[in-house]
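Top line first, the protein sequences correspond to chains H and B. Each residue of the first sequence is one higher than the one before, starting from 170 at the first, in my numbering. Each residue of the second sequence is one higher than the one before, starting from 170 at the first, in my numbering.
Treat the hints with care, as some may be off.
Which copy? The list can't say, so a pair holds if one copy fits it or any two copies do.
[Stated by the list, open to error] In silico DMTMM-like cross-links for lysine to aspartate or glutamate, where the CA-CA straight-line distance does not exceed 25 Å:
id: 1; residue 1: LYS285; residue 2: GLU498
id: 2; residue 1: LYS352; residue 2: ASP180
id: 3; residue 1: LYS285; residue 2: ASP491
id: 4; residue 1: LYS365; residue 2: ASP235
id: 5; residue 1: LYS422; residue 2: ASP218
id: 6; residue 1: LYS439; residue 2: GLU416
id: 7; residue 1: LYS207; residue 2: ASP262
id: 8; residue 1: LYS428; residue 2: ASP180
id: 9; residue 1: LYS411; residue 2: GLU300
id: 10; residue 1: LYS243; residue 2: GLU350
id: 11; residue 1: LYS444; residue 2: GLU416
id: 12; residue 1: LYS171; residue 2: GLU300
id: 13; residue 1: LYS443; residue 2: GLU407
id: 14; residue 1: LYS428; residue 2: GLU416
id: 15; residue 1: LYS352; residue 2: GLU317
id: 16; residue 1: LYS285; residue 2: GLU215
id: 17; residue 1: LYS411; residue 2: ASP437
id: 18; residue 1: LYS243; residue 2: GLU349
id: 19; residue 1: LYS285; residue 2: GLU486
id: 20; residue 1: LYS245; residue 2: ASP313
id: 21; residue 1: LYS171; residue 2: ASP246
id: 22; residue 1: LYS207; residue 2: GLU370
id: 23; residue 1: LYS365; residue 2: ASP236
id: 24; residue 1: LYS282; residue 2: GLU486
Quick caveat, the hints were computed from the structure, so don't treat them as lab data.
2 protein chains.
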Amino acid sequence: MKIIVDAMGGDNAPQSAVKGTLYARQRLGVDIVLVGRKEDISSCLEGCDTDGISIVDAREVVTMHDDPSTATRKKKDSSMTVALTMLKNGEGDAVVSAGSTGALLTGATLITKRIKGIRRAAMAPVFPSMESGFMLMDCGANADCTPEYLLQFAYMGSFYAKRLMGISNPRVALLNNGAEETKGGQLQQSAYKLLKAAKDEGRLNFVGNIEGSTMFMGGADVVVTDGFSGNIALKTTEGAAKLLFKELKGVLKKNPINKFAAAILYKDIKSIAKKLDPNEVGGTPMLGISRPVIKAHGSSNDEAMFAAIRQAKAFAESGVIDDVMRNIEYMKIGEEA
Amino acid sequence: MKIIVDAMGGDNAPQSAVKGTLYARQRLGVDIVLVGRKEDISSCLEGCDTDGISIVDAREVVTMHDDPSTATRKKKDSSMTVALTMLKNGEGDAVVSAGSTGALLTGATLITKRIKGIRRAAMAPVFPSMESGFMLMDCGANADCTPEYLLQFAYMGSFYAKRLMGISNPRVALLNNGAEETKGGQLQQSAYKLLKAAKDEGRLNFVGNIEGSTMFMGGADVVVTDGFSGNIALKTTEGAAKLLFKELKGVLKKNPINKFAAAILYKDIKSIAKKLDPNEVGGTPMLGISRPVIKAHGSSNDEAMFAAIRQAKAFAESGVIDDVMRNIEYMKIGEEA
Numbered sequence: 170m171k172i173i174v175d176a177m178g179g180d181n182a183p184q185s186a187v188k189g190t191l192y193a194r195q196r197l198g199v200d201i202v203l204v205g206r207k208e209d210i211s212s213c214l215e216g217c218d219t220d221g222i223s224i225v226d227a228r229e230v231v232t233m234h235d236d237p238s239t240a241t242r243k244k245k246d247s248s249m250t251v252a253l254t255m256l257k258n259g260e261g262d263a264v265v266s267a268g269s270t271g272a273l274l275t276g277a278t279l280i281t282k283r284i285k286g287i288r289r290a291a292m293a294p295v296f297p298s299m300e301s302g303f304m305l306m307d308c309g310a311n312a313d314c315t316p317e318y319l320l321q322f323a324y325m326g327s328f329y330a331k332r333l334m335g336i337s338n339p340r341v342a343l344l345n346n347g348a349e350e351t352k353g354g355q356l357q358q359s360a361y362k363l364l365k366a367a368k369d370e371g372r373l374n375f376v377g378n379i380e381g382s383t384m385f386m387g388g389a390d391v392v393v394t395d396g397f398s399g400n401i402a403l404k405t406t407e408g409a410a411k412l413l414f415k416e417l418k419g420v421l422k423k424n425p426i427n428k429f430a431a432a433i434l435y436k437d438i439k440s441i442a443k444k445l446d447p448n449e450v451g452g453t454p455m456l457g458i459s460r461p462v463i464k465a466h467g468s469s470n471d472e473a474m475f476a477a478i479r480q481a482k483a484f485a486e487s488g489v490i491d492d493v494m495r496n497i498e499y500m501k502i503g504e505e506a
Numbered sequence: 170m171k172i173i174v175d176a177m178g179g180d181n182a183p184q185s186a187v188k189g190t191l192y193a194r195q196r197l198g199v200d201i202v203l204v205g206r207k208e209d210i211s212s213c214l215e216g217c218d219t220d221g222i223s224i225v226d227a228r229e230v231v232t233m234h235d236d237p238s239t240a241t242r243k244k245k246d247s248s249m250t251v252a253l254t255m256l257k258n259g260e261g262d263a264v265v266s267a268g269s270t271g272a273l274l275t276g277a278t279l280i281t282k283r284i285k286g287i288r289r290a291a292m293a294p295v296f297p298s299m300e301s302g303f304m305l306m307d308c309g310a311n312a313d314c315t316p317e318y319l320l321q322f323a324y325m326g327s328f329y330a331k332r333l334m335g336i337s338n339p340r341v342a343l344l345n346n347g348a349e350e351t352k353g354g355q356l357q358q359s360a361y362k363l364l365k366a367a368k369d370e371g372r373l374n375f376v377g378n379i380e381g382s383t384m385f386m387g388g389a390d391v392v393v394t395d396g397f398s399g400n401i402a403l404k405t406t407e408g409a410a411k412l413l414f415k416e417l418k419g420v421l422k423k424n425p426i427n428k429f430a431a432a433i434l435y436k437d438i439k440s441i442a443k444k445l446d447p448n449e450v451g452g453t454p455m456l457g458i459s460r461p462v463i464k465a466h467g468s469s470n471d472e473a474m475f476a477a478i479r480q481a482k483a484f485a486e487s488g489v490i491d492d493v494m495r496n497i498e499y500m501k502i503g504e505e506a
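Chain H extracted, bound-state conformation (with noise of 0.2 Å):
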């Protein structure tokens, strides 16, 4: 098993992804190669056993400031465009990165290619919830979706449930404005239909719609939705936990006896915020791509890198994307664009 990491993605590059990488090493046993700038990452990994780990040299590095649809292309030399064409070429078994979730999207669409017969890849992150969390897709990738791609990304998430999460049936279910089937707009109807139609033929365990408010109660581990209101989703969530803690800290500081009781409650309290913390969920796939992709966050640490590896190694062995193509049939949509 060898991990490709592009070295020089994410706001903490390229020291982040090197001790991720250390971390990765040393408890999981894979291999990885580190793609970017030799001399950044060598300096990065100098004392320490490089058992294992390779470099890969790449001059360029994709920023927040190429343009997402285009930088793969233009930056042929980038850490993102080298490592996706190894993963191509078969040169490794998984892409992590922490760069331009754009970018790598649309690279990894133009050079590692979709699963053939699947439309759109889709961002697939997971939630905290009262039970154990959902994956809501798509969160990003697709702004416009039609009533089809739904449909795809709700048998990509269930076989990634079924061999990821452990979840021998996942539920799955439509984001909607409410619980009633009449709900939502155009996209949301047509989409329940396909999904319903899905069910009935035993395929997909739809369990109906869900809202933004109860998704995080439970009751479903796959949650479809269009890239817009998935970004919404995910974006609102962030902000109000922003939010949320930001009150919190006011209140921890506001005078000396408040200061006293938050010192006993000090490790419980970040317990929380790292339980409802991007950074420690780990990566987000990109699902319909055909061979694993893992988007760390932007401001991954070495911790987030880490799991953001051992994600993609678990992705690498899971089999969903063989599970994606042997059960191509169902999922087809027309002619291929």
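We have chain H already, so just place chain B on it with the hints.
Below, chain B without anything else, positioned relative to chain H:
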């Protein structure tokens, strides 16, 4: 000033509607008409000073099981239908209801009617933020929107923020999946152009795109979006907050020492919940209806009903509807549907 209160709407009807009315009568000095089953309302008013409070009998109740699109038409003698008809006939200055959002919106549109030239009414609740809060509209009235609807929402929200939130030049933003001009789907890209043009003409203080995360940090007073993604943002905020408070509760009750610290912080932590509780903000205005209609949260308690009545009074006094009517030429969209 006379406020018409649908006494039978919401989880705590008619008690909370009546209690809220009594508070409002005491603190605001407004006249109030309570609409609903006379005997139920009277029994709640027993022993109270009913000066300035009258009852209009209505025998039916719109429930959550009624089809929202036909409820007010089918139940002609429902408290909601009677209240909206009274408003239309000028027998009061505003309506407050904690009943079914969908039914109230449909009823307001069919009975009280939209402002001439306004194509869709929108739900416009105020969200908490690190500044003083922002209005997000539409939050669920119209799942499918056109760019022109969003432009009208922007104008209406701007007038409302000016008159009722005391902001001289309200900053209007477009909810999007990124800050750049080119972000979003077809709807957002087209809406951006319309909003930008209105800014260039000096008619709107459009500040560009805002993300679901950053809107909580501040930067906009009014955020416009389609009713589907607005509903997702609203419900996701509720759900994420519930999850966080549940986790926090777990920490505070974890062991005796944590319970001790919790006792110190109890009041202050409760004040956060209150600050972020939709019940506390009061009601949601339905902007675009020709007379003021305030939707109170379905779970409104006495204080929340009072807050909604207070808001209805402010809305009726504000002149927002006149602002919209006076500026309708800028806001018009082709031919009325």
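Which numbered conditions among the earlier hints are violated in the structure presented, ordered from lowest to highest? Of the numbered hints given earlier, those the structure breaks are 5, 8, 12, 16, 20 and 22, listed in rising order.
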